[in-house]
Structures are given as C-alpha cells and as structure tokens.
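There are 2 protein chains.
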Amino acid sequence: MSEHNSQQALNYSEENKDGFLNELFDLLRIPSVSADPKFSKDVHEAAKFIKQKLIDAGVDKAEICETAGYPIVYGEKIIDENLPTVLVYGHYDVQPADPYELWDSPPFEPVIKDDRIYARGACDDKGQFYMHVKAFEAMSKTDSLQCNVKFMIEGEEEVGSNNLEIFVKENQEKLKNNVVLISDTSMISMDTPSITAGLRGLSYVEVEVTGPNRDLHSGTYGGAVANPINVLCDMISSLKDENGHITIPGFYDKVEEYSQEYRDTLNKAPFSEEDYKKELDIDAVFGEKGYTTIERIGIRPTLDVNGIWGGYIGEGAKTVLPSKAYAKISMRLVPNQESDEITQLFVNHFNSIAPDYVKVKVTPHHGGESAVVSTDSPAFRAAEKAFKDGWNKKPLPTRDGGSIPIVALFEKELKSDVLLMGFGLDKDAIHSPNESYGVENFFRGIDTIIRFHGHFAKAE
Amino acid sequence: MSEHNSQQALNYSEENKDGFLNELFDLLRIPSVSADPKFSKDVHEAAKFIKQKLIDAGVDKAEICETAGYPIVYGEKIIDENLPTVLVYGHYDVQPADPYELWDSPPFEPVIKDDRIYARGACDDKGQFYMHVKAFEAMSKTDSLQCNVKFMIEGEEEVGSNNLEIFVKENQEKLKNNVVLISDTSMISMDTPSITAGLRGLSYVEVEVTGPNRDLHSGTYGGAVANPINVLCDMISSLKDENGHITIPGFYDKVEEYSQEYRDTLNKAPFSEEDYKKELDIDAVFGEKGYTTIERIGIRPTLDVNGIWGGYIGEGAKTVLPSKAYAKISMRLVPNQESDEITQLFVNHFNSIAPDYVKVKVTPHHGGESAVVSTDSPAFRAAEKAFKDGWNKKPLPTRDGGSIPIVALFEKELKSDVLLMGFGLDKDAIHSPNESYGVENFFRGIDTIIRFHGHFAKAE
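Heads up: the sequence lines are chains A and B, in that order. Under this note's numbering, the letters of the first sequence match residues 1 to 460, in that order. Under this note's numbering, the letters of the second sequence match residues 1 to 460, in that order.
Calculated from the structure, these hints are not laboratory results. Using N, Cα and C, we set each Cβ at its ideal position, and we do this for glycine too. Careful: at least some of the hints might be erroneous.
[Claimed, not checked] With a straight-line cut-off of 20 Å between C-alpha atoms, the simulated EDC-like cross-links for lysine to aspartate or glutamate are: (1) B:Lys361 - B:Asp234; (2) A:Lys289 - B:Asp356; (3) A:Lys38 - B:Glu315; (4) A:Lys113 - A:Glu101; (5) A:Lys361 - B:Asp356.
[As the list claims (entries may be wrong)] Computed far set for chain A versus chain B, every beta-carbon distance over 12 Å: (6) Asn16; (7) Lys17; (8) Asp114; (9) Leu202; (10) Pro228; (11) Asn230; (12) Asp264; (13) Lys268; (14) Asp283; (15) Ala317; (16) Pro378; (17) Glu384; (18) Glu411; (19) Glu413; (20) Val439; (21) Phe443.
[Said to hold, decoys possible] So the derived list for chain B, only partly shown, Cβ under 8 Å to chain A, looks like this: (22) Asp215; (23) Leu216; (24) Ala226; (25) Asp241; (26) Phe286; (27) Lys289; (28) Val372.
Same shape as in the complex, but just chain A (with noise of 0.2 Å):
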C-alpha cells in the first residue's frame, strides 16, 4: 500500500524535475551569507522565500520564528497523532564565496554544466535541504503521505547554530518527533551509497599577536623588535609536532583509542589514495602518523589554520616590520571532546606559550559538538531500504570530517534519533570556488527521501 503511494509521489517528482530544478535556482540566487554582515538583508530574504515554497509544497502552517540572529523557518503538516513524525532540519545560509576571482561562473548566479549545478550552496546546503521540500510536496500533492513532517530551517549553520540552541530548548512539544532527518553531508560515490554515521566537533577561535604599537621600517628595527609575524608562526608551528600530533596538553585525554577490529572495518571502505591524491593535485598525504586517511578524517581531531594575515600583502615590497599579525584556526573535534572545553585548552596554551615580547589575544568563534548516530535505529534500517529501492545496494556507515553541530543538541534535547542522509560529493567542492551538486543526486535524493517515508512509517 504504502509502496504503491510512494509511486505516486515518485511520478509526481518525475514529472516536475523542471519545476523543481527551476525553484532550487532561485533559491540560490538569493546570496545568504550568514557569516558577512552585508548579505544580512539576502538571508532574511532566503527565509520569507522557504516559508512561501513551504506553504506551496502544502504544509498546515509555516511561520518565520526571529532569534537573537537569523530566523529560523518552521512547517509543519500533522496528518495523524498516530503517525510516526518526521523532523527535516536544514540551513538556508551558506559559506562566503570569496575568492571570488577563482569561481568559473558567478557563484550566485547558477548554472547547470555537465549535469552539474554550479553555485555556492548548491550543494551546503540548499540543494540537499530543497530535496526534503519536494519530496515533501510530491507526496503531499498526491495525498500519499504517510508520516507527519515538520521543517525547521536555519540561517546559521554556517556560523555556528548559537542560536538554534534557544529555539530547539524553547520549543521540545512543537519539535517533537521520531526522526531529526537531514541531508547535509555527502555519499562515498554514486556506485556506493553510504550513511553518515558519525561527525566530527569544532572549535574555532581567531587569534592575534601584538609586537610593537606601530607598523616599523625592517631595516632601522629589524633584528632588535620581535616581528609578530615570525612569532605567530613559530606558535602556530608549535601546536603540532612531527608527527603531526597537536601538542595542547590535554587535547588528546578523552579521545577514544578504537580497536583495531573497529579500524579494519572502517578501512573497507573503497578509498584509493591515488585518485585522492590525483584529484587533489598533490604528490603525497600528510596527517597524524600512524593513521590511514580515513582514520585520520573519521575518528581522529586535527587542527587547520583556516586563515592568516598580516604586514604588507599588496603588490610589490614593503619593508616593514608590522605592528599586528593575525591567524582563524579551527579544530577538528570526536567523541567525547567537548568543543568548550577543547578552546579553553587552546585559549591557555596560545597564551602560555607567548613570549614575554609580544601580546596574544585569542577570541573563540563557534564551536559544535561531534557525534555518533544509531545504526540500530528504525529511521536507519529504513533508510538502508531506501537506498536498496534507489540504488540497489545497501549503504555503508561511514564517518564523516565535517561537523553539523545540532546533532548533538538534537539527541540531547530532543531525545530524538538523528538521520544523516546525505546526497553529495567530496567533488561537489562544498566551501570552495566552484561549489556544485549533481542534478542526479538532486532528483534521485528526492526519491530516496520519498522512499525513504514509506519504509519509516511501516517501522514503527
């Protein structure tokens, strides 16, 4: 019964592809850069446009809930108490796009090459969450829905949900639900589904060092003046050793050792570290020695710096010895490290290890919390048979890098199990010039999430 109601939505998809194709596109239109205060009215922008597609797609009620930062839309269609409740959580703002210069098309102004749609967010996470909306509305135009859903889209994934937090306390009965179901993540390959089963944590602080009160000539102060600069490297360099391993004391104490049989299993999945390589450029990896690329991405914490700046960085030479030097640096987090407590580490150390003839000052940005997902839950059985129906293989669980805060808020204030089904691609480029997602993954995420309504409702 249910199988013969999905067809229904299915074919409804099929026949709509372009209709949905060409809203997605306006969507991404809208530049919502929720970490740059200019783009701040096109993020509000970004929510009146869902909660309209929302209210098109059929949903009893969508409202736009303001917080202390960017809104967060919410809809909701109940069709039965009884019916087991699907929540979709996603966001609707995205990364900076700059470099601007590096992008091959405008990032904001999408288009469609080699069946790929090019644009920030087309994939992170416009492109995943749209899918929901029209699932959604494919199932619910042809009255073939068989669990109640509700939405709740954010505009501040990309700086750190602060305010989400609030909202998800504030409102338990209303969110309510058996399945926190998102797409924001990414599969291993089009040949090999995979459900993400575990993300990492994220702390993020920005630091900067202060040598003299003003920017100096190199040549009347170079040599007798510390130069930030060459301090903020030399700390910066002092927070790994040769081995790659972060040297924070206390940064490793509540990582979890794995057994060598839950690495192997980790280890099975198809990874080649030539075409990574190739793909990439590069003629060798580099990570924390003693763990293959797979381990070193899924299960172990690392440290980046996402940004630096300081002195004279126009063309041609300057000779000066600058006032300032300034780094983002950003940390990877796993289970059991608690992101607060891993950049009060991080605040101690950078100022413990600042020679006497500079001045640090460290400003912690937004953190997230890792998290592992149930493989035994009703929600990820369903979705093993989703992608059965789809793709005709059973997904793999993986372990993710990245990190999509919430989960851990959505299984310790909701107490709901989180699904992340995601539809992208390490090639999609996410945060880079050239972001893109798959027109197939688009149109075949829609019906894997349609298939996937079905199975959820006969598990329970």
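Given the coordinates of chain A, work out where chain B should sit on it, guided by the hints.
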C-alpha cells in the same frame, strides 16, 4: 669669506621658510607610490614637479631622464670646473601608505601638528632631499654657491633602484663628483646629531606554498591533507633557531665578526633600552642572542616576514583548508654579504626544506648591497664641522639598519665618497602610518647643508 657667503644663504633660508614649507606640501600631496602600478601617473607627476623646482631654484639645466621604469630627474649648476662638485642623491617615490585606516590624517594631505609635518614621504625621502633643493636655492639666489652642484633624484628607491644602476653606469662623466651627498637616514636625537657610517644590504623574496589544487572543506579533508598555511608557518619558523640565529646554510659565511673594542665604541652611542621599549610599547626586546640592540641593528644581518596571507581573512569564521599561502620575506645584510648570493641561498634552502606534500615557488624581489662609509674623508670632516656650527656638537658616527642600495653602487661605479647626512629621527615612523618629519629638522637640515658646502669648498 665662505662663512660670509654662507651667512647670506642662511638669511635667505630664514626669510623664505613659509614658501619652502608650502612647496614641500605641494610635493607631499602627490601620491608617488612606486610599488603600486595604480599610482604610476602620480610618480611621473612628481618627477615633473621636481624638474620645475630645480629650474626655479637656479640650475643651469634640468632634465627628466627616462628609464625602463620611472624617470630620474637630473639637474646641475657648474659655477667653476675647478671647484669641488657635490652630487645630491635623493628619491621622490614613497612607500605604500596602507593600512590607510591607521592614519590619523590622510597620508597625502600633509598637516602640521605639534611642529611636525604628517604625510607619507614627509621624511622618507621628500622632506629630506627637498632640503637640498632649498639649500641650493638659498646659495644660488644669493650668489654664495661655493661648490658645483648636481642633483640626481630617482623614483624607484622603494622598489630597488633597478634602473638607477644602468643610468649611473651610462653617465659616469655627467655624474662626476667629489662627494655624493645623501639625506635619507636619521640622527640619534636632536641633542645628539650623528652621521651614518654604515648601512645594511637587502634581499627580498616572495614565497608561495601550494597544497591541494583548490580550497577544501576543512572538515572533510582536515587532518588528511597538508594545510599550506600550517606548512608555511613551519617553514618560516624553521628559518631561525631558538637563539634568533638564521638557519640558511652559508648565510653567515661572509659576516664579519667585529672586535670587542669596536663593539664597545658602537655601544657607546647613547641608547636607553627602557625608553626604546616604552616608545614601542613592548615588554622586552628580541633579537640574535649574544648581541646588543645597537649591534643587532648595526652589524648583524636579520630576516623578517614583511607580509603573510592565505585562506579566509574576511569577517567571521570560514572552515576552509586553502589551496595556497603566501609570504613576503626580507633579509637585511651586512658588509660582504652579497644580495644576489644570499637570495640564491634562500631560494635553494627554501626549496630544499619543502615537504613532498606541498609545492613551493620563490620569487626574488629587488635587493641591495650593504655599505660602509669612510669617517675619514674630506666630506665627512666637512660634515662634522657643519654640525658643530649648527648644533654645537660633534656628530657621532653610527651604523644604521636600513638599506640604501645605491650607496655601494656609487662607491663602485663613480668611485665617489658618499656622505649620509640624514636629519630624520626614529619617531618619524617612516614606512609606517602617520609618518612625520620635524619642521625644525627640515629647517636646521637646510642650514646644515648650506654650512657643509662652505666647509667642503675649503676642505678640497
């Protein structure tokens, strides 16, 4: 007799102070930044301005000599072939003014505050070379010239004077002189006049470190792919050891070790480390172990990062693992260290320490040779007398940390004595925001230059 002549010129200078200052302001309003192509028109305008002022001041002929880069302004007045000839060298180009936001008043709108002229180039070198134009005017308008005078004012000093060398080699006869007189350095203080007897050389390179072929998501790849910013920090950090000693093989091979006796004389120059730290607002000085601050600046080479950039440097947080990171690095050199040789040592070393998981590119910018000036030349003795007249003190010989590459060039190509009679002060903040020059320094400089001509005429 010459004292009498000098007096007429000194009076003329006294009577024309306002006009002198207004002219300097007109020159300072021209943003002749040689490092940045977008100011090209202004650099050429500055050259025309100077040619006209030389004519107004009374030269027999003035010309704009084109080069492969920016032109050299040449002017001369030969009163008697048998009299000594003073060749005045200066530069009309200035350092870039950024960061603009740190200026209290616009860099190219000169203002006087607390008897100081604030503008880019106020001291380096417009304010200083223009003293010679006005001193010449004072002597020529009062028929009290006692030496032949030649002017060679270039527009590429801040970017390496590359074309000046060709010009000098091709115009040896035209530039024939008994001393090259340069005001582009500083004195110890108004109470302690000094003459620069040594300058450091310069080697300047730009480095590029490339990791993956595109910016990556630091979650999906962080820990498994080398981050070019982290790697650049490691490489820069490794260029100096814990004693501030530069680790480039062969870097110190030609560095002279001075006798304790010589070092003691050097350290006799009045210097208060407390005042120095207070003025720069630092808690401690830092430099090569085993040397005093005066020695670190005067007789030791050094390495400074003048600029660094890579990744996301906008507002907020972006979790990017960038494809590239860059730095501008300069080395100050001491006598016997040849700029080209040191640059090559750097290039070889930097490439040799590059790990196999990144690609590095090193691009040399301009360089310059160090110089030692005789403290026993007729010119130096005449300068001592000139300071004695005007300041009632014998000037101290000092070793400056800065570089004026062409000093070595003049000594080599023109076989000339060079005299570095600078009237700047450390607090002038050249190359920094809010560069300034004391109004008193400007006028006392003009007087001292006039007196120098008188003594130098007799010294021959």
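Hint by hint, here is what the structure shows:
1. B:Lys361 - B:Asp234: Holds - the C-alpha atoms of B:Asp234 and B:Lys361 are around 16 Å apart, at most 20 Å.
2. A:Lys289 - B:Asp356: OK: A:Lys289 and B:Asp356 at ~15 Å, within 20 Å.
3. A:Lys38 - B:Glu315: The hint holds at about 10 Å.
4. A:Lys113 - A:Glu101: Satisfied, since the Cα-Cα distance of roughly 19 Å is no more than 20 Å.
5. A:Lys361 - B:Asp356: 33 Å, violated
6. Asn16: 31 Å, holds
7. Lys17: 28 Å, holds
8. Asp114: 17 Å, holds
9. Leu202: 7 Å, violated
10. Pro228: 9 Å, violated
11. Asn230: 5 Å, violated
12. Asp264: 18 Å, holds
13. Lys268: 17 Å, holds
14. Asp283: The claim is violated: A:Asp283 sits with its nearest Cβ about 5 Å from chain B, within 12 Å.
15. Ala317: Given that some Cβ of chain B is not farther than 12 Å from that of A:Ala317, nearest at about 4 Å, it is violated.
16. Pro378: 28 Å, holds
17. Glu384: Correct as stated: the minimum Cβ-Cβ distance to chain B is 23 Å, above 12 Å.
18. Glu411: 19 Å, holds
19. Glu413: 23 Å, holds
20. Val439: Consistent with the label, A:Val439 stays out of reach of chain B, its closest Cβ about 21 Å off (over 12 Å).
21. Phe443: 23 Å, holds
22. Asp215: 4 Å, holds
23. Leu216: 6 Å, holds
24. Ala226: 4 Å, holds
25. Asp241: 11 Å, violated
26. Phe286: At 4 Å from the nearest chain A Cβ, B:Phe286 passes the 8 Å test, so the hint holds.
27. Lys289: B:Lys289 check fails; min Cβ-Cβ to chain A is 12 Å, beyond 8 Å.
28. Val372: 16 Å, violated
Checked against the numbered hints above, the structure breaks hints 5, 9, 10, 11, 14, 15, 25, 27 and 28 and satisfies the rest.
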